[in-house]
Every structure is written in C-alpha cells, then in structure tokens.
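> The task is simple: from the sequences and hints, build the whole structure.
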Amino acid sequence: MKRISAIILTLSFSWAYAQENDNLKTHILSEVTVLGNVQDTMQNFCRANSGAAVENILSRMKGVSLIRRGAYGQEPVFRGLSGGQLNITIDGMKMFGACTDKMDPITIYVEPVNLSHLHAVMGPQGAAYGSSVGGSLNMKLAQPALGNKTTGTAGIDFQSAAAALNHSSSVNVGRKSSAYRASFAFRKSNNYREGGGKEVLFSHYQKINFTLAGKWVLGQDTLAANALIDKGKNIGFPALPMDVGRADAGLYSLAYNHVQPWLIFQNIKAKAYHNAVYHVMDDSKRPAVSMPMDMPGRSKTSGVFIETGVHIFRRQKTWLRLDYFKNDILGEMTMYPQGGSPMYMQTAPASSRQDAGIFISQRFLLAERNKFTLSFRGDIINDNLKSGAGADQLKAFYPEKKNFAAKFLSAISFNYKRKISHGFNLEFSSGYGERMPTLNEKFGFYLFNRFDGYDYLGNPFLKSENTWSAEANVNFASAHFEMQLSPFCQSVGNYILGRVIGGSRITEGARGLKSYANFSRAELKGIDMMILAKAKNIQLINTVKYVRGTAEGNGAMPLIPPLKSVTSLRFQFRQFDFQGEWEASAAQNHVSEMAGEQKTPSYSIFNLRSSYTFNSTLKINAGAENIADLRYREHLDWGGIMRPGRNFYINVNYFF
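Throughout the sequence shown, residue numbering follows the numbering used here, covering 1 to 656 in sequence.
For each label pair, taking beta carbons as the anchor points, the in silico distance ranges come out as: (1) Asn56 - Ile538: 19 to 27 Å; (2) Asn148 - Trp262: 28 to 36 Å; (3) Phe424 - Ile627: 33 to 41 Å.
Within a straight-line C-alpha distance of at most 25 Å, the following computed DMTMM-like cross-link-like pairs (lysine to aspartate or glutamate) qualify: (4) Lys371 - Glu31; (5) Lys599 - Glu634; (6) Lys525 - Glu482; (7) Lys419 - Glu368; (8) Lys140 - Asp221; (9) Lys326 - Glu307; (10) Lys371 - Glu482; (11) Lys285 - Glu332; (12) Lys463 - Glu400; (13) Lys233 - Glu332; (14) Lys231 - Glu332; (15) Lys300 - Asp282; (16) Lys386 - Glu332; (17) Lys271 - Glu307; (18) Lys102 - Asp452; (19) Lys198 - Asp283; (20) Lys102 - Glu55; (21) Lys102 - Glu508; (22) Lys231 - Glu55; (23) Lys231 - Asp328; (24) Lys233 - Asp328; (25) Lys419 - Glu31; (26) Lys525 - Glu583; (27) Lys407 - Asp328; (28) Lys386 - Asp328; (29) Lys285 - Asp637; (30) Lys417 - Glu482.
If you are wondering where the hints come from, they were derived from the structure by calculation, not from laboratory data.
The structure displayed is predicted, hence computed values, not measured ones.
Ideal Cβ positions, reconstructed from N, Cα and C, are used throughout, including at glycine.
If you want it as structure tokens, here you go:
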C-alpha cells in the first residue's frame with residue numbers, strides 16, 4: 001500500500017506542460033458534459049469507454065465511488081455516504097427506487113444518450129433539490145434544440161468480457177417555433193469473465209430505454225414535455241441471493257418557462273411530474289433454492305416545483321425554488337414452501353412521504369475579487385404508515401402507537417470565493433444539513449442485507465441524521481495547467497446503522513436480526529485532487545480520492561473506499577486519438593468489524609484506448625481494459641465478486 005500511495009502522490013505533483021496554441025476546453029470534475037456529439041477533456045476522461053453507463057461516468061467524478069453488487073445497478077457513494085443520505089434527482093425531479101435490496105438506484109433508469117449533464121455537489125451544500133447530509137446529484141436531461149434542421153446520432157458497441165452488445169441513437173427535429181427529440185438505448189450483456197477467464201455467474205442483464213421530448217415556443221415563453229421509459233429484464237446480481245426478473249420505470253413531466261421579467265422575478269420555470277417504478281426480485285433461476293419466493297416492489301412519486309431568479313439589487317443575485325412531492329412505496333414477498341400454502345408479507349409496508357420545501361440562495365459580490373453565497377433550505381415532511389398487513393406486522397415489535405407528526409428539516413450553507421490573482425482562486429464552503437430516515441429505515445420488515453448477513457427491521461422512532469461539513473478548494477488554472485485541491489471534513493450526528501437485537505431471523509443462512517438505530521456520531525475526513533496538464537495535442541489528467549470514516553467508539557465506518565488514483569495520458573495526431581490509463585487503489589485495512597467487513601488488497605490496472613475520426617459524421621473507438629487480465633476487486637464490491645478481466649471493445653458512432 002505504501003508503494004502505491006507514494007507512486008500516486010508522485011504522479012499527482014510532478015506534471016506540467018508549457019506549450020502554445022492549446023484550444024482544449026475543460027470543466028471541473030463536479031460537472032460533466034454527457035452529450036455524445038460534444039467532445040471535451042472531461043468527457044474524454046469520465047466517459048473513456050464509449051459504451052459506459054451513467055454509473056461508470058459517475059465513478060470518475062470528484063468524490064464519487066460505487067457500491068457494486070453485480071455488473072448492473074451500481075449505487076453511487078459520495079465520500080463514504082450513500083442511499084438515503086444522498087439526494088438524487090432527474091432534471092430536478094424526485095424519484096425513488098422500488099427495491100428493498102437497493103438493486104435499483106435511480107441512476108440505472110437513465111442513459112447517457114438522453115442526458116446532457118451530470119452535476120454533483122458534496123455535503124449539505126447540495127440542498128437545492130432536497131435535504132441531504134451526503135450531497136446531491138442532478139442528472140440533466142437533453143432537451144430539444146430549436147432551429148430549422150434535423151440532427152442525430154447512432155452508435156453500436158461491443159464489449160468482449162461479457163460478449164455485450166450496446167446500441168444508442170437519438171434524433172432532434174428542430175423548427176423555428178417547435179422542436180422534438182427522441183432517443184433509444186439497448187443493452188444486452190452475458191455473464192462476464194473475471195481476470196484469469198473464470199465466468200461470473202448471474203452477472204448478465206438486458207434493458208431498453210427510450211425518451212421523447214417536445215418544446216414549443218409560445219410568444220416569448222416555452223412549453224416543454226418529456227417522457228422517459230426504461231425496461232430491464234433478466235438482470236443477475238452475483239453478490240446477492242436473488243436476481244431481478246423485471247425492472248420498469250416511467251417518468252413524465254410538463255414544464256413552462258416564462259423568460260421575461262415579472263415584477264422582481266426573472267426566468268420563471270414551473271414543472272409538474274410523475275414517475276413510477278416497478279421492480280420484481282425472483283430466485284427462479286438460482287440452483288437448489290429451498291424456498292422459492294417472489295418480491296415485487298412499487299414506488300410512485302408525483303411532484304411540482306417552481307424556480308426563479310429574484311433581482312432586487314443590480315449586482316446581487318438570488319435564486320428561489322419551491323417544491324413539493326409525494327412518494328408511495330410498497331414492497332411485498334410471497335414464499336412458496338414445498339408442500340405448504342404460500343406465505344405473504346410486506347417487506348416494505350405500504351407507506352408514503354410528503355415533502356414541501358423552499359430553497360433560497362443569495363450571492364453577494366463584495367468586491368471584484370470576492371464572492372459570498374449564502375443558502376438556506378427548509379422542508380416540512382410528513383410520513384404515513386398505511387393501515388393493513390404491513391402496519392400490523394410492525395405492531396409485534398413496536399406495539400406502542402407512534403404519532404407521525406410533521407417534521408421540519410433545515411439546511412444552511414455558505415461559500416466564500418476569493419480571486420488571489422489571474423487563474424488562482426481560494427474557496428471555502430461550510431454547511432449544516434439534516435435528512436429524514438428513509439421509509440425502509442423506519443418501516444422495513446425483515447430486509448435481508450447480504451453485506452453483513454443480517455435481517456433488518458425498521459425503526460419508527462429513528463431520529464433525523466444531521467451533519468456539519470467544511471471544505472476548502474485551491475484552484476489554479478492557466479492556459480496549459482490546471483489544479484484543484486479539495487481537503488474536507490464532515491461530522492454526522494445521529495448516524496443511522498444497524499444494531500443487533502434479540503429475535504429470530506427468517507432468511508435462511510442469516511446471522512441474526514438487526515434494527516436500524518441512531519449512533520451518536522460519525523466523522524469523515526479526506527481530500528480530492530485533480531491535475532490537468534495540456535499542450536496542443538497532449539492532455540494528462542490525474543485524479544486522487546481519499547476519505548477516512550470513523551464511527552462511534554473509534555470504529556471504522558462501513559463501505560469507505562480507500563485511496564484511489566486514475567491517471568490518463570491522451571495524444572492527438574491528426575484524426576487519431578490515443579489514450580493510456582493507469583488506475584490504482586491502495587489496500588483498505590480500516591474496516592468495520594461491527595458490519596463484518598473484510599479487508600481488501602491493493603490493485604493496479606492499465607487500459608489503452610484509441611479513436612479515429614473519419615469526418616464530421618463517422619468515428620470509431622476501440623480499446624482494451626485491464627490489459628494484464630488482473631483478478632481484482634474494489635473495496636465496495638460486495639460478496640468478494642471480482643471485476644471483469646481483460647476486455648476489448650469497439651464502438652462505431654455516426655452523426656448527422
């Protein structure tokens with residue numbers, strides 16, 4: 001580990017270039033352009049494999065890691081925090097997965113072909129779209145473009161490690177006063193092979209995704225409508241005891257944008273939306289199942305928001321957002337014992353959450369070199385456990401009646417930025433935030449967690465988590481060199497984790513029974529770093545991520561990624577692009593004994609990528625990943641499941 005850490009730090013600080021005539025455009029790693037017909041430095045780095053899914057792009061962004069239970073459905077982690085600690089939205093719209101085993105983070109229901117940007121904010125500073133302690137991710141959908149022309153893309157991709165075939169296409173039909181955009185994606189992957197060639201069983205999946213969007217000009221205003229459909233089937237999860245037979249999602253929205261100023265408001269946008277997720281776990285294709293079962297889950301969310309700029313003072317800018325949503329969930333399980341009658345229970349009892357919030361952000365321009373931003377969010381949240389089988393189940397463990405009164409959550413943050421000199425900025429951010437326990441954390445009933453091997457019970461009496469965070473950013477940018485250094489620290493109060501309780505488990509092979517409980521505090525400290533050096537035809541990017549998490553009693557927090565670095569060197573020669581990559585991770589020896597976490601060794605892999613642009617309409621990408629065919633896994637990969645071995649890929653893209 002010491003050797004890899006030393007190499008990473010040496011590479012991080014030793015590169016600089018000083019050549020002229022560079023026209024490469026860069027973006028900070030907290031926001032990445034995803035559109036397939038846009039090429040920039042950060043997209044080439046974050047979307048290095050042209051067949052990458054949204055999760056793969058996220059994994060290269062600042063502070064982001066992935067919990068991996070299989071080749072599909074990888075769950076985002078922001079600096080050691082995940083799940084209900086994050087606020088993830090699609091175009092500002094709330095959406096919640098329907099799987100009690102977290103097989104369907106909402107990132108799986110979108111594809112790069114129907115996105116324009118991914119924007120991530122760490123910690124309570126990301127409260128614009130909802131309360132959180134870990135941060136926010138907004139996936140911005142691509143919108144129809146006006147203009148009297150028709151444009152589009154089409155691409156096909158093959159990945160050898162899983163004999164996977166991917167296709168994506170989009171078309172935009174523009175007119176002077178209206179525009180329409182449609183996109184389609186298809187993915188089919190067989191079981192992949194790990195390093196050394198061994199097949200990883202139950203790692204296959206298949207899905208289709210399509211969107212349709214329209215925009216109409218109404219005078220100086222616009223009306224926009226969007227529909228997104230995603231359908232997955234036959235999805236394997238090698239780290240879990242069950243697979244997914246079906247995972248369907250639909251998202252629909254209607255938005256009105258009033259551009260002209262009205263009183264003190266400017267650029268008013270109002271949107272109403274509805275989405276539904278249906279997810280079915282089953283074990284019908286697993287061998288030697290002693291008790292077959294079906295586990296369907298449903299999640300429906302409806303909401304509305306209004307956001308606008310508020311202009312009272314000429315040099316000070318205010319942004320205001322009002323939002324409301326209601327989410328209903330239901331998770332069921334039917335067991336089919338041999339020789340007996342089917343048994344039914346609700347693992348996620350029928351329940352709902354209503355949330356009404358306000359977000360205000362005020363920017364102060366104190367002087368030409370100083371900017372100060374103050375933000376506040378308040379939410380009134382009300383949860384309801386619906387009467388019926390699910391509520392009756394919980395009475396056995398919580399016979400006392402719980403009064404689910406509305407809860408008020410608050411978040412406040414500030415950001416100060418000072419321009420020291422041309423290209424050199426210092427930035428400091430700090431904030432406080434809160435988040436409600438999820439409905440499953442409050443009401444879940446015998447939810448099996450494969451990570452620690454326990455059945456879990458919800459706890460209606462959980463307190464809200466709260467957090468204080470601070471982060472500094474040192475930013476330097478010149479024509480040929482850019483660096484961002486971001487040390488941070490965060491404290492999470494009422495930290496929610498499982499605690500062993502008395503009682504019998506019902507899952508065969510489970511180690512026992514836990515209930516969600518509040519622990520006094522958890523602490524997170526770390527650093528993110530990015531270095532970019534560039535010349536006319538050369539780009540070098542190096543990123544480093546490190547976080548250390550300590551929970552109550554000086555024990556380790558579970559699922560904390562170790563030090564990791566990715567270095568990419570890209571050459572451009574006429575119509576050719578060549579890119580070499582080195583990805584390395586230190587060992588993780590600081591593990592949670594309470595969660596039964598295992599230590600993970602270090603690894604180091606190399607990738608090689610290339611592309612050839614024939615003309616403005618045709619481009620071919622090809623490459624090899626994990627060239628040495630190393631057998632390895634990352635610390636957040638569950639169940640000891642190894643990552644893919646050597647993978648050759650080829651992609652053909654056509655633009656019109």
